[in-house]
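Using the sequences provided together with the hints, build the complete structure.
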Amino acid sequence: MTMKQVWTIVLNLFGPVATVIAVLAIWKCIEQGWHIPRYLLPTPSEVYAATVANVGALWRNTAATMEIIVFGFVVSVVVAVPLAFLIVTFHFFERLCYPLIIILQFIPKTIVAPLLLVWLGIGVLPKSALVMLMTFFPILLESISGFRLIDKRIFYITQSMGASRAEEFFFVRIPGAMPSIFAGMKTATVYAVTGAITAEFIGSNEGIGYMILQASGDLDMPLTLAAVIASALLGVILSAAMLASEKLLMPWMEHR
Amino acid sequence: MDGTGTTTQATAVAGASIRLEGVTKSFGENMALGPIDVAMEPGEFVTVIGPSGCGKSTTMLIAAGLLAPTAGVVKVDGRVLDRPMTDVGIVFQDHLLLEFRTALSNVLLQQQIRHLPRQQIETRARDLFAQLGLNGAEKRYPRQLSGGMRQRVSIARALVHNPSILLMDEPFGALDAITRTQIRHDLELLWLERRMSVLFITHSIEEAVGLSDRVLVMSQSPGRIVEEIRIDLPRPRPAHLGEYPQFAAHADRIYSIFEKLGVYKFK
Ligand SMILES: Nc1ncnc2c1ncn2[C@@H]1O[C@H](COP(=O)(O)OP(=O)(O)OP(=O)(O)O)[C@@H](O)[C@H]1O
Ligand SMILES: [Mg+2]
Numbered sequence: 077m078t079m080k081q082v083w084t085i086v087l088n089l090f091g092p093v094a095t096v097i098a099v100l101a102i103w104k105c106i107e108q109g110w111h112i113p114r115y116l117l118p119t120p121s122e123v124y125a126a127t128v129a130n131v132g133a134l135w136r137n138t139a140a141t142m143e144i145i146v147f148g149f150v151v152s153v154v155v156a157v158p159l160a161f162l163i164v165t166f167h168f169f170e171r172l173c174y175p176l177i178i179i180l181q182f183i184p185k186t187i188v189a190p191l192l193l194v195w196l197g198i199g200v201l202p203k204s205a206l207v208m209l210m211t212f213f214p215i216l217l218e219s220i221s222g223f224r225l226i227d228k229r230i231f232y233i234t235q236s237m238g239a240s241r242a243e244e245f246f247f248v249r250i251p252g253a254m255p256s257i258f259a260g261m262k263t264a265t266v267y268a269v270t271g272a273i274t275a276e277f278i279g280s281n282e283g284i285g286y287m288i289l290q291a292s293g294d295l296d297m298p299l300t301l302a303a304v305i306a307s308a309l310l311g312v313i314l315s316a317a318m319l320a321s322e323k324l325l326m327p328w329m330e331h332r
Numbered sequence: 011m012d013g014t015g016t017t018t019q020a021t022a023v024a025g026a027s028i029r030l031e032g033v034t035k036s037f038g039e040n041m042a043l044g045p046i047d048v049a050m051e052p053g054e055f056v057t058v059i060g061p062s063g064c065g066k067s068t069t070m071l072i073a074a075g076l077l078a079p080t081a082g083v084v085k086v087d088g089r090v091l092d093r094p095m096t097d098v099g100i101v102f103q104d105h106l107l108l109e110f111r112t113a114l115s116n117v118l119l120q121q122q123i124r125h126l127p128r129q130q131i132e133t134r135a136r137d138l139f140a141q142l143g144l145n146g147a148e149k150r151y152p153r154q155l156s157g158g159m160r161q162r163v164s165i166a167r168a169l170v171h172n173p174s175i176l177l178m179d180e181p182f183g184a185l186d187a188i189t190r191t192q193i194r195h196d197l198e199l200l201w202l203e204r205r206m207s208v209l210f211i212t213h214s215i216e217e218a219v220g221l222s223d224r225v226l227v228m229s230q231s232p233g234r235i236v237e238e239i240r241i242d243l244p245r246p247r248p249a250h251l252g253e254y255p256q257f258a259a260h261a262d263r264i265y266s267i268f269e270k271l272g273v274y275k276f277k
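Residue numbers (my numbering), protein chains in the order written: chain G, 77 to 332; chain X, 11 to 277.
Keep in mind that the hints were calculated from the coordinates and are not lab data. These figures come from a predicted structure and were not determined experimentally. Check each hint, because a few of them may be wrong.
[Unchecked claim] For each label pair, taking beta carbons as the anchor points, the in silico distance ranges come out as:
#1 Leu319(G) to Arg150(X): 47 to 53 Å
#2 Ile183(G) to Asp186(X): 51 to 57 Å
#3 His167(G) to Glu253(X): 56 to 62 Å
#4 Leu180(G) to Arg153(X): 49 to 55 Å
#5 Gly157(X) to Thr84(G): 29 to 35 Å
#6 Ile102(G) to Arg153(X): 38 to 44 Å
#7 Phe245(G) to Arg153(X): 19 to 25 Å
#8 Lys275(X) to Ile178(G): 49 to 55 Å
#9 Val146(G) to Arg89(X): 23 to 29 Å
#10 Arg153(X) to Leu319(G): 18 to 24 Å
#11 Gly157(X) to Ile85(G): 35 to 41 Å
Glycine residues also receive a C-beta, built at the ideal position from the N, C-alpha and C atoms.
Here it is as structure tokens:
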């Protein structure tokens, strides 16, 4: 490693580390300056202690939440991307689907959660269903614009090669729309975490949402905060996974 | 070298004959094109020149079987064309490369979709890259290439499968003058070697005279072919056409047709 590379790494680490230190410092100041009682705002060290003491439970519940997120997210992508393609390709399909899509889009998804619970029972299904509902529209809409963005004249070229519809789809449309599909998926990760935790608030006996509900019910603020931080980490992990697959799948893009 | 078509041929490609018979095209009420008749001999280099909007691109798309004419037929080697032509390479004014494929893999799309032998086509692609001055560009993505290089890649894509017909719609329109002169020469050499039939569309009188066996001059609304000029001059043709009286005479002729058509409105 050259000096320059070492410096790049140091500089890249400096920002996040400084931010964390600043947040902890402000936290400490607020607590001491305003004399906020411990049971409302614990100190960073108490949160740390709660994390260490409950590391097993935190891990298990984070994994449970991750599972419903991944399941709901994958189903969402698998349904939304082909649907976007059909909508862009077939006009009758667009007319068929658009009214429904617009109505569904404006229904606040979180209030559907109790309904899902009634319909789908307890377990992974209703929670993943909510994740799917919340992630579906960003992915669908971005995919539609991705498929639309492709320069139609490229199909003059592929037609002159004798390409079939399927070949056009796999060689041109999918990779061409990929950057937009990923933009939609990145937006959707935020909704995915919100959706999963909301579902766990409403009806669940495991997961980070359940843990937050339990701990705050017990007025155990250190553990509540520890679980909130875990949920944030969950989002960070999802985003990182998204960035990594983006680099892997789209080497032609300029990645930061 | 002579201009009659008996040069040494490394990779012989028999060009196909193309005929447009009574072709017209209307867009709604607007009669944009024709009727026009074009007859291209196998291996002939024919250029269509005309003012903007006269129907050149439309003509090319119809010739390629990518756009249905309103009336008339296209025949390739005597057979009526009723679907997109496939024994063809097409180059547009924009390179139309796939941004997500490297330069080489853009060219190899021909191999993948046509199910041609990989090894052989890749060798040919690399040869074409060398001939077109694209050494080192193979693994780069289109956005990492200059405009001229992108256009060269799209020319390589149009030639790699040795088509008997090459259709080019203002392929050098977006390039600078220096690159244009060079790429024009490179194309001429490739054509001399392979002898595919070329339908070349341009705004540039210099390109028309510098490349063609025959120039078809088009008029506007509706687009019609008003003149046909045969350019029987030795090949390969030089870079500075202006210095040669025979070229200047042909160029003048096209200018004067344009003047007569009212394309130029000089005061
Ligand atoms: N898809 C279309 N719908 C409606 N009108 C069209 C369409 N394509 C072309 N036209 C019209 O047909 C005429 C010929 O267009 P064309 O693109 O063939 O011209 P051109 O000679 O290639 O022009 P340029 O030199 O500017 O490229 C123009 O008047 C254009 O407006
Ligand atoms: Mg045009």
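Going through the hints against the structure:
1. Between Leu319(G) and Arg150(X) the beta carbon distance is about 23 Å. The supplied range of 47 to 53 Å is therefore violated.
2. In this structure the supplied range 51 to 57 Å holds for Ile183(G) paired with Asp186(X), their Cβ-Cβ distance being about 56 Å.
3. Restraint check, His167(G) to Glu253(X): a C-beta distance of roughly 57 Å satisfies the suggested window 56 to 62 Å.
4. In this structure the hint that Leu180(G) and Arg153(X) lie 49 to 55 Å apart at CB is violated, the actual value being about 37 Å.
5. Range check, Gly157(X) to Thr84(G): Cβ separation about 32 Å, and the 29 to 35 Å hint holds.
6. Look at Ile102(G) against Arg153(X): about 43 Å separates their beta carbons, and that is inside 38 to 44 Å.
7. A beta carbon spacing of about 23 Å between Phe245(G) and Arg153(X) agrees with the range 19 to 25 Å that was offered as a hint.
8. Restraint check, Lys275(X) to Ile178(G): a C-beta distance of roughly 51 Å satisfies the suggested window 49 to 55 Å.
9. Range check, Val146(G) to Arg89(X): about 55 Å between beta-carbon atoms, so the 23 to 29 Å window is missed.
10. Here the CB-CB span from Arg153(X) to Leu319(G) is close to 20 Å, well matched to the stated 18 to 24 Å.
11. In this structure the hint that Gly157(X) and Ile85(G) lie 35 to 41 Å apart at CB holds, the actual value being about 37 Å.
Hint compliance for this structure: hints 1, 4 and 9 are broken, all remaining hints hold.
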